[in-house]
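> This is what each chain is made of:
Protein chains: 2
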Amino acid sequence: MNTFSKETYIGRRKRLKEKIGSGILLFLGNEESSSNFKDNWYPFRQDSSFLYFFGLDMPGLAAIIDVDQDLEIIFGDNLTTLEVIWQGAHPPISELAEAVGIQITQAKNELPKFLAKHPIQKIHFLPPYRPENSLKLAEWLSIPNPEIPSRASVDFIKAVVALRSIKSEEEIREIHKAVNISVSMHKRTMKEAKPGMKEYQLLGLVNGEALALGGHLSFPPIITINGQILHNHNYSNTLTEGKMLLGDFGAESAMRYAGDITRTFPVGVEFSSSQKEIYQIVFHAYQAAVAALKPGIRFKDVHLLACKRLAEGLKELGLMKGNLDDAVEKGAHALFFQCGLGHMMGLDVHDMEDLGEEYVGYTDAFKKSKEFGLRSLRLGKELESGFVITIEPGIYFIPQLIDQWQAENLHSEYINYEKLAQYRNFGGIRVEDGYWITDSGSQILGDPLEIELADVERIRGK
Amino acid sequence: MNTFSKETYIGRRKRLKEKIGSGILLFLGNEESSSNFKDNWYPFRQDSSFLYFFGLDMPGLAAIIDVDQDLEIIFGDNLTTLEVIWQGAHPPISELAEAVGIQITQAKNELPKFLAKHPIQKIHFLPPYRPENSLKLAEWLSIPNPEIPSRASVDFIKAVVALRSIKSEEEIREIHKAVNISVSMHKRTMKEAKPGMKEYQLLGLVNGEALALGGHLSFPPIITINGQILHNHNYSNTLTEGKMLLGDFGAESAMRYAGDITRTFPVGVEFSSSQKEIYQIVFHAYQAAVAALKPGIRFKDVHLLACKRLAEGLKELGLMKGNLDDAVEKGAHALFFQCGLGHMMGLDVHDMEDLGEEYVGYTDAFKKSKEFGLRSLRLGKELESGFVITIEPGIYFIPQLIDQWQAENLHSEYINYEKLAQYRNFGGIRVEDGYWITDSGSQILGDPLEIELADVERIRGK
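These protein sequences, in sequence, are chains A and B. Take the position in the first sequence, starting the count at 1, then add 1063; the result is the number in my numbering. Take the position in the second sequence, starting the count at 1, then add 1063; the result is the number in my numbering.
The set of hints was computed from the structure by calculation and includes no laboratory data. Bear in mind that the values here come from a model prediction, so they are computed numbers and not experimental data. Accuracy of the hints is not assured; some may be wrong.
For identical chains, the list gives no copy identity; a pair is met inside one copy or between any two copies.
Unchecked claim - In the DSS-like style, the derived pairs of lysine-lysine whose C-alpha atoms are separated by at most 25 Å in a straight line are:
no., residue 1, residue 2
1, Lys1069, Lys1250
2, Lys1082, Lys1185
3, Lys1261, Lys1250
4, Lys1101, Lys1433
5, Lys1101, Lys1371
6, Lys1171, Lys1069
7, Lys1221, Lys1482
8, Lys1384, Lys1261
9, Lys1101, Lys1431
10, Lys1185, Lys1171
11, Lys1433, Lys1254
12, Lys1525, Lys1180
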């Protein structure tokens, strides 16, 4: 079993108990997940908060921390004799628990009995994102299933977010490993993609590389010649000369920390001149954003800075016009950059997304905007030393969105719709890397991967 | 969308209606499945019965067939304008439905209303294997969730099994494609595995090859130097000279038909002499089983024939002794061959396993044995022309099982425990291919893949 030292987990739970003060914290690990019949499983993925506090990456576990009694128990069943025959011998749960500093283990069916002994107001749980875990909570706590999300404990969520947001040095080392697997995946793609290939051939390459390096995919890869389709999990197109390939993918390390990188490169050897122009605008926005990273700055302001740089570049090209401060404030740039500049990254690629953006990316006093563009910004609040985030600006020409805005004559004082018609089939460009916020600024995660235009063309064979 | 012709689906539904005669058949397609947060999805896998009758491989669909009214409806929602902006344009549900011969489509939320209009006794559903589909049935039909499995319709299950069990020629062509992707995966593994590699490097190779050829994995691969661990999804060992690598994996074709192949080969170039001896015993049992395949023979008898061949070989080696007919009848061979000889294969690698072994592999009159060994035989009933099955004999030396039997002195009249001690760390050997039962016998599925001992050593570099 791949874990940090016992002291790491003991320390994390100690800080959690201090933050919460009182109550019973219930952690549900994940189960195997069925694809087309019960025993045909997707690759197992443990719950990230369970991993953070208990480290054990296997199905069928749960745990409680009784803060008042200072009691910590892992619930799980050892293999039966018959299971040992089919699955081979595994260490008993007690031995695994001991390795992460837990002295008490009990059989799975003891958990509902334990919970039944305590008043429900004392029991804190995190919002479940898998239906089977929701069902367990509903049954054990006698809460109707649809009410489960609203009964999750905000105190528990906030305490977990506070701890998991600040990455320790050993976590940073793990994230480096994940990013470096991701770098290998991208290098191979950038070297091996050729006109005539299918996108799914690169999907195979990327997936195979992640596993062959001892990792897993951290999210479903985007590998597409249609970079303007932001949520694109189709891989059926043929790579054709003149198009660009946008690859947004990354790996988890063996310990389940995530990497997430995007590169956009020409299917041929060189970008076309208009591709070069857009690429440089995106890259300069990326550089400006990275330069601004430091503790204390609001990430929303970094996002708006990048938007401003994108708008400036687009104005030089004649696609935007007018006063750009006003344009960005009114959201006119969001025709080209519809999404957010980045997100937290850690044990999840969108770190702690299951716990709720209002807690992870914003605060009680500083709420997310509901405007188009800003409402897709997962992280808005002040950066702190120890955060790990992504920076991923882009420019996307989405025909359906252009048509919609143009029909409404939306922001026509800032957008040159006539000129824009030439870019209708341009596609989209994004670049992305992960950054660690340090006391003095930030540091890129992982080994270098070509990102400057000339370097990208060089790795493509120029 | 990758489908057969409209007539294929119309024909399948027509035959289903004829078999059932009356009632409302409810089909639930699958949803996206979350890994570590709601929107981080495993690769989508549609329900196989939904695919068989409706062909549409996308999440969020359901369908009904009202047999009495001869009414067929697909329920699903088109993308919203906002979703089109993020996900790109997709054909409307009505167009997709038309391509599989369905004229009526309705929004998702019409389905519970439709069901509410009919008496619950008329509504037939298949047993769900995903918790979210179980929850839907519980809510829509006002059945407590734990009762859902027992309320599934046996008539509906039997009708679906009868149809899906007999593969058409166009299905056989698809299975050939899946098997051929599987053959490529195995060829690469047999060529590229080298001492010093980690099992997970081969996992990467296998996974990458399946995707790069436009397929998917049909089940979690077994790639192990511990072939005696039958349910083995660990990939952390190093390939060492002297060991054998057992690879049991396969691909789904783009249309989701499955392939499933096993090969066992030396990590070095040649098998050791004792590995050769055991390999030949397994291979001869495989040949005997294949030769026996034809319509009308009980697969349980083919299984027992293979067991007999294994026992004969083991007796020659001095590991078994006594009267082998008695030994096999009493299950003594199951110390070495604990599992079944094969299973149905089609849209699922264990075809229709979600519908229940008692219907897929056995009949009302011919039930599965509860004995060790035979109770793991998924398919026992008479073969019919059109069945697709696997043949996968093996010999496994499982230390825990040997210890257990020896402690009980079990079947000591047939097993030479003293000699067996030399094989304690031998490991396990299995070979497996897919076969199509034809009118006159059987036909192997897919292109040739090395299986004879000399050919296996040749592909390893001898």
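> Against this structure, judge whether each hint is valid.
Against the structure, the hints come out as follows:
no., hint, result
1, Lys1069 to Lys1250, "neither (36 Å within a copy, 43 Å between copies)"
2, Lys1082 to Lys1185, "within (15 Å within a copy, 55 Å between copies)"
3, Lys1261 to Lys1250, "both (18 Å within a copy, 22 Å between copies)"
4, Lys1101 to Lys1433, "between (41 Å within a copy, 21 Å between copies)"
5, Lys1101 to Lys1371, "neither (51 Å within a copy, 32 Å between copies)"
6, Lys1171 to Lys1069, "within (23 Å within a copy, 49 Å between copies)"
7, Lys1221 to Lys1482, "neither (48 Å within a copy, 63 Å between copies)"
8, Lys1384 to Lys1261, "neither (39 Å within a copy, 57 Å between copies)"
9, Lys1101 to Lys1431, "between (40 Å within a copy, 20 Å between copies)"
10, Lys1185 to Lys1171, "within (21 Å within a copy, 39 Å between copies)"
11, Lys1433 to Lys1254, "neither (41 Å within a copy, 56 Å between copies)"
12, Lys1525 to Lys1180, "neither (70 Å within a copy, 67 Å between copies)"
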